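A.B. asks: Here are the chains, one letter per residue:
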Amino acid sequence: MNLKSLNIPNIDFVNRRHLAMMFSAVLLIASIVSLSVQGLKLGIDFTGGTLIELGYQQTADLEEIRGKLNETNYKGTNVQYFGSDTEVLIQLEPQQVSSAKLSSSIIHMLGENIDVRRVEFVGPKVGEELTNDGGLAMLYALIGILIYVAFRFEYRFALGSIAALVHDVIIVLGVFSALQIEFDLTVLAAILAVIGYSLNDTIVVFDRIRENFLSTRKVEPKPIINDALNQTLSRTIMTSLTTLLVLLALFYLGGEVIHSFAGALLIGVVIGTYSSIYVASSMILALGISKADMLPSEKESKEIDARP
Amino acid sequence: MNHYSGWKNALIAFFLLLSALYALPNIYGSDLAIQISSAGDASIGEQDLATVENTLSTNTVDYKSIGLSDNRILIRFESSQSQEQLSTQALLKATLSRNYVVALNLAPSVPQWLSDLGGRAMSLGLDLRGGVHFLLEVDMEAVVAMSIDRYYNELRSLLREDRLYKGIRNEGTSLLVTFKSEESKQQGKSLIRGELLDMQIVEGSESELQLSLEITPAAIKASKSTALKQNITTLRNRVNELGVAEPIIQQQGSERIVVQLPGVQDTARAKEILGAVATIEFRLVDEKNDLQLALNTSKVPVGSKLYYFKSGRPLLLKSSVIATGENITGASSGIDQNNAPMVNIQLDGPGGRSMLETTKEFINHRMAVVYIENKVETVLEDGEMVKLRTKTQDIINAATIQGTFSNRFQVTGMESARAARNLALLLRAGSLSAPIEIIEERTIGPSLGADNIAKGFLSVLVGFALVLVFMAWRYRVFGLVANVALTLNLVTIVAVLSLIQATLTLPGIAGIVLTVGMAVDANVLIFERIKEELKSTNNIQKAISAGYEKALLTIADANITTLIASIVLFSFGTGAIKGFAVTLSIGIITSMFTAIVVSRALINLIYGGKKVEELAI
Chain W
1 MNLKSLNIPN
11 IDFVNRRHLA
21 MMFSAVLLIA
31 SIVSLSVQGL
41 KLGIDFTGGT
51 LIELGYQQTA
61 DLEEIRGKLN
71 ETNYKGTNVQ
81 YFGSDTEVLI
91 QLEPQQVSSA
101 KLSSSIIHML
111 GENIDVRRVE
121 FVGPKVGEEL
131 TNDGGLAMLY
141 ALIGILIYVA
151 FRFEYRFALG
161 SIAALVHDVI
171 IVLGVFSALQ
181 IEFDLTVLAA
191 ILAVIGYSLN
201 DTIVVFDRIR
211 ENFLSTRKVE
221 PKPIINDALN
231 QTLSRTIMTS
241 LTTLLVLLAL
251 FYLGGEVIHS
261 FAGALLIGVV
271 IGTYSSIYVA
281 SSMILALGIS
291 KADMLPSEKE
301 SKEIDARP
Chain A
1 MNHYSGWKNA
11 LIAFFLLLSA
21 LYALPNIYGS
31 DLAIQISSAG
41 DASIGEQDLA
51 TVENTLSTNT
61 VDYKSIGLSD
71 NRILIRFESS
81 QSQEQLSTQA
91 LLKATLSRNY
101 VVALNLAPSV
111 PQWLSDLGGR
121 AMSLGLDLRG
131 GVHFLLEVDM
141 EAVVAMSIDR
151 YYNELRSLLR
161 EDRLYKGIRN
171 EGTSLLVTFK
181 SEESKQQGKS
191 LIRGELLDMQ
201 IVEGSESELQ
211 LSLEITPAAI
221 KASKSTALKQ
231 NITTLRNRVN
241 ELGVAEPIIQ
251 QQGSERIVVQ
261 LPGVQDTARA
271 KEILGAVATI
281 EFRLVDEKND
291 LQLALNTSKV
301 PVGSKLYYFK
311 SGRPLLLKSS
321 VIATGENITG
331 ASSGIDQNNA
341 PMVNIQLDGP
351 GGRSMLETTK
361 EFINHRMAVV
371 YIENKVETVL
381 EDGEMVKLRT
391 KTQDIINAAT
401 IQGTFSNRFQ
411 VTGMESARAA
421 RNLALLLRAG
431 SLSAPIEIIE
441 ERTIGPSLGA
451 DNIAKGFLSV
461 LVGFALVLVF
471 MAWRYRVFGL
481 VANVALTLNL
491 VTIVAVLSLI
501 QATLTLPGIA
511 GIVLTVGMAV
521 DANVLIFERI
531 KEELKSTNNI
541 QKAISAGYEK
551 ALLTIADANI
561 TTLIASIVLF
571 SFGTGAIKGF
581 AVTLSIGIIT
591 SMFTAIVVSR
601 ALINLIYGGK
611 KVEELAI
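Protein chains in written order, with this note's numbering: chain W, 1 to 308; chain A, 1 to 617.
With the rest of the complex left out, here is chain A:
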């Protein structure tokens, strides 16, 4: 009685050793590091490593180590070298091409043999390491409106050939077509059925010469999902441009995107960059028509459009566009000879050709650069939430064409160096295919993150120590056994969290603290039961055994119900709640193992198979 077989003890010891091994990576701190990864799909190899090493040595940068693993280069620094870390990042950003993402990072300094065994430190949540969490919503109404616009053009060119229609009206979510005759209507209908597969006739909308067309639900769904995917790609490009180590960009539901940027310090810039739907257009200035006349009569001449500078000064520009942001293949910011901020632009083939022709023909005329930004914001109107869409179109520059040029030129007129930098970044990363709005933001500054870790750690430690003292005082030898089990439970929780790479958050730490308090419950139940059994029997071995057996079912019932609650928490909760539920669930499961199996093994080792006169309980 009260004896575990050798293999059972060995198995328990093996599990515990395994836990200790995988909890181990967490005791090594982390190094300040710079992480270089690929901006695209290209892999990073030995050659890149050599390039970086070369750059570092020619600039006599002092660093701790450099290494290539998991398709990224890590340059580690001593903890006192935060200045070097920043200056090296700037240096590498300037020297390496745009195919690389150069980001600041904290790299865990786990020894090689341990990481070869798969040992990794727990991943810390944004609230512990600092960073930004954004929830972005894609404006799906705008996506539908854009597809209607596209089908409007397609429908017109389809029906135009045989001159079938009298008029087509865009009614927001549908197109109203008026045909010339009954005959042309029939002809048009069969054309639409054959060619415009994504459109269907609105039921009951057909009258003598008219019918309404709408986009099929399947096509709407497809265009929404395309818009979402394109936006995710663009956001990823932008985040790469910002230089963030280990960013998370994920779809959430059918119209939302989660962006998490650990360790980002300049959150204002991140916000500006992520949400902006900005592009530029190049247009010729209309020099023939009288601007004043157009303003006075408020009649804009055909073929021209009225634009304004940011200062409010009006200017007539020609409607035809020379090139747009979509033609831009490269952009970088800098300072021109007059010390004004500028953006160097590089155009693709068609854009370059169009620019060459225009500048040839219109030399000594003026050309304008128009900055276009689409914004969507939610506005409360009479208690209702309404989406407010605004489109800003500002002329940032209108200058005389001095000579012919094609695909490489400069644009000036930006307000500041920061504005030039942002514009260059947005032009490089591509524009968003639909406007997005930040609907949730949670930013934790680095100082608060560090505070949270320190406070969380301290409260775990103090709470843990209090429970240890209390248990030892109340249950003596058995209390010490419970304490060993509790300690092992803490180790096991850390090991499981590290192994599954669950994100540890501050509420997660609270979950661990709570588990420490509740995990001893199983031991308390057992010990109280043993005490009771001792009252009715003099056989101490039997009392121990009965205590464990009778308490088992109660412990299982109690823990399963708590587990139900924490699983519900996990499936319904977001962020903070999820983190709490994860550690609580893991804690409940591991505590069953340590409090029942491990403590029993220890008790067996101490008392099992011996003649015991008295139990220290």
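So here's chain W without its partners, still in its complex pose:
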């Protein structure tokens, strides 16, 4: 038997939680400041507008394209390379007249023999709806999870897991805001996936905490939580590593279109792993979890005893 791998680590997570809380607080405050000062760089999915991706045979001359666009009276144009210097991304803010024809006229103006790789046009009304739907999706996901965890565990666990999720979401949004990476629909999907992932991690730890509360005679919550964290640590790290491996593959090989999607998940998985160790368990400790909360309620056990 390989004894070395059987060693369960004994790291004092619980007593280091104040340090972790400070770390989290700093990240959260920085994220919120960034979000409120410069906000998110929303993509056209949410703002409305037009996006055109063009493929040139040779290196594209951005100055020439900008020059041609400046001759028109379209406002808020942004021209940049996308992935390589033969591919160009043109973005336009919503114009005075919102029309799907805009892209055709720009492509026509730029000349022939250009490969039109992608055109996206989102009308202002659609953008508004997508923003609302996105917000609602996030809210409903959180509520659904809250109900399930409260039902399967206890309300303190539900609050703990939601605290961890809100923590993760705010920090991922904060990174996107601080680095001004474009926030589009796929990033929103990634954040919802982060919610799912981080929760997965948290639930595994909670499950173990409950089990330990029930199986040992100890009543003090701190060592019990600490044991659970140590027992699940190697699983937490293993799963994070395998997930990070595939995400790295997606990030580097998946192409420009899902680059920010993979990026959001990468950040999210790292933060989610951290939060399920430190944030969620600190939260239930702070809420005053105890062995009594884990036992079946008195009334139920009396009923069982009363049976012949």
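Misleading hints may appear alongside valid ones.
Claimed, not checked - Residues from chain A shown here face chain W by an in silico Cβ test under 7 Å; the list is partial: (1) 443; (2) 507; (3) 521; (4) 524; (5) 552; (6) 556; (7) 558; (8) 569.
Quick caveat, the hints were computed from the structure, so don't treat them as lab data. On a predicted model such as this, the values are computed, not experimentally measured, just so you know. Think of the CB as a built atom: it goes at the ideal place given N, C-alpha and C, for glycine as much as any other residue.
Dock chain A against the given chain W, drawing on the hints supplied.
C.D. replies: Just chain A, lined up with the frame of chain W:
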């Protein structure tokens, strides 16, 4: 202990074989093909197949195979024959009648026995195969305005008989009627109640001699839904004219239509055709009145209307219309003897009669063709979104009537051959009953689609390989078992996606990649648990069994919560998000089966019922 009964193993093997079978269609590539289907409801039969085969052989077209199935004819080509595919499409379009839709397609080359078993390849989303997605919104305000116009006329003819009213004013969403007397008002009211069932009196609008009428909510709803349905029909006709294989035209909500055209290359033309509300009218030129006088005094003579050519040149035309686009039953474009683009027009009975009478009576006079286009666009005005409606009416041609004609004639004066082609198509497909606006467009060019497939496939492959190596290194024999389970999971996901014909998109591939990463979690949980159990017991069989049992509840809890998140994603998400949620949900469910049941079966086969000294974990 640690032994699955024979039937349980057999059941697992059966499920896995079934998965493998239905995942199989995806390994066969697809052929370049031309798809011929019916433009209407008529079915395609052996006779049509014979006609097509005949055409192909007389023109010595080289193709791989031809077949009739699912009410469509598929002509397959070798992958090197893309030129032949295009030229054959042009040939068939020219020779077959307009009752057929001739479209380019990619046909999966699944062997017959497999497709007989219901095996089909996954359907690829627009972002993987290239194509256009449009979201169109019908201008419902215009629909209501049009119904008010109609009721205005009905109301007038209803009250006119007994000369009951003094005046009727159209106030946009209501009609204000002024009666001659109290008596006529009462009479009018009972007439309206009896005959105009779709109108009701606006509450509190009644005064001594006046009252306002509005359309009942039920009638408004009905006219909106009719407008939407008619527009869908027209769009379907237009898409058929464009020749698209497997288009999707669907209602979304109460005023929107989704149009998806896979594989369309000329997206600019698709946009022009789908959104256009264009028709033509035939009118006589007013040759009696002085145009210059009308322009100078800006007073247009009674019975005439002032129109302009596209060049800006004005012309007086008579108000009465000889025929409109609604009378047109056929239209095709071509080139006349002067090499100018033209449209051949064919009129229905009433249109033909009216044209015959007019051309008889007004021979050697001039007749004009007016092109009418309604447009609706959203404009930002002081931060508010306002719908801007424009109606263009251009004279495209005014020529002397050389001889009498009725239902077949030609119209020239189009700017270009492309304009003539588009006009002919729009006249054939019928006009939209209400203006529509494209409010969302997502176009993926064919080159990006191919790129996306290649990159998506590569990242699945690399991610998968990395996880395999990592698991084998970390958990040895158990790692290999997990790897087999993971591989089977991938096969099962593909099988389920193929079976339910869910659309695979690039975010969907990302969902699969993520599932690969997360699916091993269940095995990691189990294996770590077994390791722990080994610490407290020397009974290896018991440790394996306890490891699986204790991890089960945790795995279920963790996966159900993730499933909740992905179901929410599915129900709220659009396009990209939905595709991701579908594969993630399927992946979570199938991974529970492979990671728990299949891996247990394998472990049982390896270690179960034997005396084991040491576990390679």
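A.B. asks: Determine for every hint whether it applies to the structure shown.
C.D. replies: These are the hints, each one checked on the structure:
1. 443: With a minimum Cβ separation of about 4 Å from chain W (threshold 7 Å), the hint on residue 443 (chain A) holds.
2. 507: 6 Å, holds
3. 521: Interface hint status for residue 521 (chain A): holds (4 Å vs cutoff 7 Å).
4. 524: 5 Å, holds
5. 552: Given a least distance of 11 Å, the restraint on residue 552 (chain A) is violated.
6. 556: 10 Å, violated
7. 558: Check passed: Cβ of residue 558 (chain A) comes within 4 Å of chain W, closer than 7 Å.
8. 569: This interface hint holds because 5 Å falls under the 7 Å limit.
Hint compliance for this structure: hints 5, 6 are not met, and every other hint is.
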